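A.B. asks: Now for the letters of each chain:
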Amino acid sequence: MTRTYHTVKYLCLLGWSIFVVFPFLWALSTSFKDANAVTSGATYIPWLEFEPSTQGWASLFASGSRGINIVTPFLNSATVTVLASIISLMLGTLAAYGLSRYQYRAGFVKNSDITFFFISQRIMPPIVLAIPFFLMLKEIGALDTIAGLVIVYIALLLPIAVWVMIDFFGSIPRELDEMAMIDGCTPIGAFFRVILPNSATGIVVAGMFCLIFGWNDFFFAFILTFTKTQLLPVAIVSLNSSVTPWWSLSAFALISVTPLALVAVVVERFMSRGSLAGAFR
Amino acid sequence: MLKLENLSTPDPKVPLKSLSANFEAGKIYTILGRTGAGKTELLRTLIGLDPISEGAIHLDGSDLVSTPIRAREMAMVYQQFINYPHLDVLDNVAFPLRRKKLGKALARAKARDALAIVGLAGFETRLPSELSGGQQQRVALARAIVKHARILLMDEPLANLDYKLREQLREEFPRLLHENAEGIILYSTTEPAEAMQLGDELIVMHEGRIVAQGDPAALFDSPPSVDVARVISDPPISICAGEIRDGALLFSDGSGAGATGLTLSKDGPVQIAIRPDALTIGGDIFATVKLAEFSGSDTIVHLQLPFGEAVMLVDGIHEFHPGNPLDIMLDPTALLLFSHTGANITERTD
Amino acid sequence: MLKPKHFFLLPALLTLVAIIFFPLIFTVRVSFSSWDVYQAGLDFIGRKNYLRVFEDARFWESLIRLSALSLITVTLQYVLGFALAMAVWKEVKGQRFFRVLFLIPMMTTPVVMSVIWRTMLHESLGPTNDILSMMGIGPVPWLSSAAGAFVSVVMVEVWQWTPFMFLLMLAGLVSLPKEPYLAAAIDGAGPWRTFWQVTFPLMAPISIGAVIIRLIEASKIMDTVYVLTSGGPGTATETPSYYIYIRGLRDFQVGYSAALSLTYLVLMIITLTIIAKLLMRFLVGKDT
Chain A
0 MTRTYHTVKY
10 LCLLGWSIFV
20 VFPFLWALST
30 SFKDANAVTS
40 GATYIPWLEF
50 EPSTQGWASL
60 FASGSRGINI
70 VTPFLNSATV
80 TVLASIISLM
90 LGTLAAYGLS
100 RYQYRAGFVK
110 NSDITFFFIS
120 QRIMPPIVLA
130 IPFFLMLKEI
140 GALDTIAGLV
150 IVYIALLLPI
160 AVWVMIDFFG
170 SIPRELDEMA
180 MIDGCTPIGA
190 FFRVILPNSA
200 TGIVVAGMFC
210 LIFGWNDFFF
220 AFILTFTKTQ
230 LLPVAIVSLN
240 SSVTPWWSLS
250 AFALISVTPL
260 ALVAVVVERF
270 MSRGSLAGAF
280 R
Chain B
0 MLKLENLSTP
10 DPKVPLKSLS
20 ANFEAGKIYT
30 ILGRTGAGKT
40 ELLRTLIGLD
50 PISEGAIHLD
60 GSDLVSTPIR
70 AREMAMVYQQ
80 FINYPHLDVL
90 DNVAFPLRRK
100 KLGKALARAK
110 ARDALAIVGL
120 AGFETRLPSE
130 LSGGQQQRVA
140 LARAIVKHAR
150 ILLMDEPLAN
160 LDYKLREQLR
170 EEFPRLLHEN
180 AEGIILYSTT
190 EPAEAMQLGD
200 ELIVMHEGRI
210 VAQGDPAALF
220 DSPPSVDVAR
230 VISDPPISIC
240 AGEIRDGALL
250 FSDGSGAGAT
260 GLTLSKDGPV
270 QIAIRPDALT
280 IGGDIFATVK
290 LAEFSGSDTI
300 VHLQLPFGEA
310 VMLVDGIHEF
320 HPGNPLDIML
330 DPTALLLFSH
340 TGANITERTD
Chain C
0 MLKPKHFFLL
10 PALLTLVAII
20 FFPLIFTVRV
30 SFSSWDVYQA
40 GLDFIGRKNY
50 LRVFEDARFW
60 ESLIRLSALS
70 LITVTLQYVL
80 GFALAMAVWK
90 EVKGQRFFRV
100 LFLIPMMTTP
110 VVMSVIWRTM
120 LHESLGPTND
130 ILSMMGIGPV
140 PWLSSAAGAF
150 VSVVMVEVWQ
160 WTPFMFLLML
170 AGLVSLPKEP
180 YLAAAIDGAG
190 PWRTFWQVTF
200 PLMAPISIGA
210 VIIRLIEASK
220 IMDTVYVLTS
230 GGPGTATETP
240 SYYIYIRGLR
250 DFQVGYSAAL
260 SLTYLVLMII
270 TLTIIAKLLM
280 RFLVGKDT
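Protein chains in written order, with numbering that gives the first Met the number 0: chain A, 0 to 280; chain B, 0 to 349; chain C, 0 to 287.
Worth flagging that the hints you see were computed from the coordinates, not collected in a lab. The structure displayed is predicted, hence computed values, not measured ones. Some clues are possibly wrong.
List of simulated lysine-lysine pairs, DSS-like, C-alpha gap at most 30 Å [to be verified]:
#1 B/LYS2 <-> B/LYS12
#2 C/LYS4 <-> B/LYS12
#3 C/LYS4 <-> B/LYS100
#4 B/LYS163 <-> B/LYS289
#5 B/LYS99 <-> C/LYS4
#6 B/LYS100 <-> B/LYS26
#7 B/LYS99 <-> C/LYS89
#8 C/LYS47 <-> A/LYS137
#9 C/LYS92 <-> A/LYS8
#10 B/LYS16 <-> B/LYS2
#11 B/LYS26 <-> B/LYS16
#12 C/LYS177 <-> C/LYS89
#13 A/LYS109 <-> C/LYS4
#14 B/LYS16 <-> A/LYS109
#15 B/LYS109 <-> B/LYS99
#16 C/LYS2 <-> B/LYS100
#17 B/LYS103 <-> B/LYS2
#18 A/LYS8 <-> C/LYS89
#19 B/LYS109 <-> B/LYS26
#20 B/LYS26 <-> B/LYS99
#21 B/LYS12 <-> A/LYS109
#22 B/LYS163 <-> C/LYS177
#23 C/LYS276 <-> A/LYS109
#24 C/LYS276 <-> A/LYS8
#25 C/LYS2 <-> A/LYS109
#26 A/LYS8 <-> A/LYS137
#27 C/LYS2 <-> B/LYS12
Per label pair, the in silico range of CB-to-CB distance [what the hints assert, rightly or not]:
#28 B/PRO11 <-> C/PHE20: 31 to 39 Å
#29 A/VAL108 <-> C/PHE6: 41 to 49 Å
#30 A/LYS109 <-> B/MET0: 53 to 61 Å
#31 A/HIS5 <-> C/GLY137: 35 to 43 Å
Note that the Cβ used here is the ideal one computed from N, Cα and C, for glycine as well.
Using the sequences and the accompanying hints, generate a full structural model.
C.D. replies: Structural data, given as structure tokens:
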């Protein structure tokens, strides 16, 4: 019984692993093909089944009409994601701390309503805001600019930061803030001197989620930018035309997903330490 | 002098109800009460963590309520071990001094002295998480006494420690608290022995009110009300219904209590309080053992008497089996009498 | 002087209100106008756009399709994610390797991976049909038939987001208390009974949270569809987001698409609230 169970378990783990890995392996293999190798049907192993070529990878860094510019979209994506994440984290951490420690009242609006307002932004389908964002950014001349995208991404990431941090601060005993104030801190000083230095775990977790959702967004980048400020996903999708250079596409895709795939290692560590559970209750 | 006038709080769970009291510098006040009596609430209100709804708090004539927490020059030790996790032990203790704009070197030197007093010399570079519970509480204590605060509040500081550490730290407290001797110390606890041992003056709280204040021994000998008698006695005092009829004290089953040494002038129903040490084995009261438990080197026996239930304290460790009969003697001179409203009506003849 | 509590909350609140609120109000206003590609401007045509929404079969079909898609993908993700989390929860050889590996897909950009999936599902040049043909299964019209396209979208969504479910469920599992398991072991409960009587009830709150989060995210499906099938063949995989995108930013019927998106938003809020309440009641046995 236990033996069969273990065999079945490992077979399932193996099966799912193959399912997970296959697209990456396929992309890796394809990225070393040329037009000939691609159009002659599905092949997998270089040298054995097809003659590898580096033209896919070379095209990413080549200049001129034959090359695909990968550096600019990569830097654009990194700039927008990092800037929006940092701003969201700063604002979100402050707000989450306020909501976890103070009572707010404005008419019938209470803390729980404000928290819901922040978090409920995740329910908002992007399309609902896309058109007014488009018109709004056009109005202020921020269409197709880094600044415009950062503004929009803050709306996207701020709810995530608030959500993770509220739960995190809930796990820090109030007595710690109180002790800081008894020991001579102002309420704001207590936050910066005592709470913030002890919030690394929460901030890292929130930061990772901001990076993941920011880096992986396509829709807003697609609608609100054209050629001047192209982000990575948009640049890749624009390659997805009828005459598809699969080799460049695959190489490009691998480069764009690798940085965040590495984040998985960090996420796993936090998860195994039990630092994530509180954030999802 | 710290002065409370008709202090009330809006807290819905344990509201304080019109407290008035005076506290003098240089004294240790122990606040005794059960869980939920309002001890923590009183301390939190004093230090400004919880709002007041009515009344006033004055320290040497100046109003405390309008003073921000950080300017109150008070210190607090919590029941939980609260230290700053990101600072090492030395900087934890130096933290309040640094907030008072003391130079880094001076603050650290003073912190070092305070750590030596609480017995943590050599632990300066550890993080709080690397210490045992008892050591963490010592750090918190060092941080409280290093400030030489005008008021030091201690909220059941031993409650979360295991028995051995609790005894050890409690014995050291008089010496440790001497460091803060020029201030007012308020120390809350649920344990009568702790309150008696440490307090220059004892305050008994019950359901959000101060029900007694005074010399610990005097309060113990002659509690003003049945509530105070209950809170102050450990093992618990037993209360039995009875009455005074024709100058004799009778239990509810009609048996006489043989009230030697008591003046029984007024007839009527009374509550008879029997201290655990008023009962001894060997006598003419027929009892049944309900339960026996050990506390330190004593045995506490819960008895069913003909006129009610009572607790007896027996020196040494003895086996008592539930259900077994036992003959009991009652020392009438150790009885306390309370009226049906709870007021102490004990009158000694001598 | 700014009070501390306002110092903490206001920057974020005002930022979000500024970014979200005005566009939303603007959308409401636009939805009552006939703004389109020929005539941009805020005239007022009353509820005409909403009446049109009511009669727009393509929109309602896309909503039904979205419901089916969300329910199927989230159910699959939950079952698979929970099973995988259970499998690598206790001592397993290569535990960390599996855990990291299983997380990777959610870190990757959905549209980028959809581009790769598109090459994999290519009918004559992709590996999917190649492998199936080795097993004797004829070429499957993955992206050119309605059923095939739907299954493709489900498969890619499951690949992409099962890791998210896996993450939440494993995070929940590692923080479970030990005591109930000791009690179950003392009672002599086997693994099957232990799961249903201990693990599953203990995981109910986090399960509800995870399912609701995924339903919310699934209700916005758009990226995958855009790249994989462009809503096709025909409108076979068109979701409301994608349809509104076509109306608003391809046909530039701004007024009408605003009405569509508000209808969509309100329906989403109502549906998700009802689902959340029902899940709470069924799984925890208590309200809200």
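A.B. asks: So, for every hint listed, does it hold in this structure?
C.D. replies: Right, here's what the structure says about each hint:
The straight-line distance between the Cα atoms of B/LYS2 and B/LYS12 is roughly 24 Å, inside the 30 Å bound, and the hint therefore holds. Taking the CA atoms of C/LYS4 and B/LYS12, the gap is about 24 Å. The hint holds against a cut of 30 Å. Proposed proximity of C/LYS4 and B/LYS100 is supported: the alpha carbons are some 25 Å apart, at most 30 Å. Restraint check: the Cα-Cα separation between B/LYS163 and B/LYS289 comes to about 29 Å, which is no more than 30 Å; the hinted pair holds.
A C-alpha spacing of about 24 Å is found between B/LYS99 and C/LYS4, which places the hinted pair at or below 30 Å, so the restraint holds. Among the hinted pairs, B/LYS100 with B/LYS26 is consistent with the structure: their alpha-carbon atoms are about 29 Å apart, no more than 30 Å. Under the criterion of a C-alpha separation no larger than 30 Å, the hint pairing B/LYS99 with C/LYS89 is inconsistent with the structure, at around 51 Å. Restraint check for C/LYS47 and A/LYS137: satisfied, since their Cα atoms lie roughly 27 Å apart, inside the 30 Å limit.
As the CA atoms of C/LYS92 and A/LYS8 are separated by approximately 11 Å, the hinted pair is consistent with the 30 Å bound. Only pairs whose Cα atoms come within 30 Å are accepted, and B/LYS16 paired with B/LYS2 is accepted, the gap being roughly 16 Å. Using a Cα cut-off of 30 Å, the hinted pair B/LYS26 and B/LYS16 holds, with the two alpha carbons roughly 24 Å apart. At most 30 Å may separate the alpha-carbon atoms for a hinted pair to count; C/LYS177 and C/LYS89 meet this at roughly 13 Å.
The suggested pairing of A/LYS109 with C/LYS4 holds, with an alpha-carbon distance near 14 Å, which does not exceed 30 Å. Restraint check for B/LYS16 and A/LYS109: satisfied, since their Cα atoms lie roughly 28 Å apart, inside the 30 Å limit. For the hint pairing B/LYS109 with B/LYS99, the CA-to-CA distance comes to about 13 Å; that is within 30 Å, so the pair holds. Between the alpha carbons of C/LYS2 and B/LYS100 the distance comes to roughly 24 Å, so the proposed pair stays at or under 30 Å and holds.
Between B/LYS103 and B/LYS2 the alpha-carbon distance is near 35 Å, which puts this suggested pair outside the 30 Å criterion. At most 30 Å may separate the alpha-carbon atoms for a hinted pair to count; A/LYS8 and C/LYS89 meet this at roughly 12 Å. At roughly 24 Å between alpha-carbon atoms, B/LYS109 and B/LYS26 fall within 30 Å of each other, so this suggested pair holds. Annotation: proposed proximity of B/LYS26 to B/LYS99 holds, straight-line Cα distance about 25 Å (limit 30 Å).
As the CA atoms of B/LYS12 and A/LYS109 are separated by approximately 21 Å, the hinted pair is consistent with the 30 Å bound. Note on B/LYS163 and C/LYS177: the hinted pairing holds, with a Cα-Cα distance of about 28 Å set against a maximum of 30 Å. About 21 Å separates the Cα atoms of C/LYS276 and A/LYS109, which keeps this hinted pair within 30 Å; it holds. A threshold of 30 Å between alpha carbons decides the hint, and for C/LYS276 with A/LYS8 the separation of about 34 Å lies outside it, so the pair is violated.
Between C/LYS2 and A/LYS109 the alpha-carbon distance is near 17 Å, which keeps this suggested pair within the 30 Å criterion. With a CA separation close to 55 Å, the supplied pair A/LYS8 and A/LYS137 exceeds the 30 Å bound. Proposed proximity of C/LYS2 and B/LYS12 is supported: the alpha carbons are some 28 Å apart, at most 30 Å. B/PRO11 and C/PHE20 have their C-beta atoms about 35 Å apart, which keeps the hinted 31 to 39 Å range intact.
Checked against the given bound of 41 to 49 Å, the beta carbons of A/VAL108 and C/PHE6, roughly 19 Å apart, lie outside it. For the hinted restraint 53 to 61 Å between A/LYS109 and B/MET0, the CB-CB distance of approximately 41 Å leaves it violated. A beta carbon spacing of about 36 Å between A/HIS5 and C/GLY137 agrees with the range 35 to 43 Å that was offered as a hint.
Hints 7, 17, 24, 26, 29, 30 from the list above are not met by this structure, while the remaining hints are.
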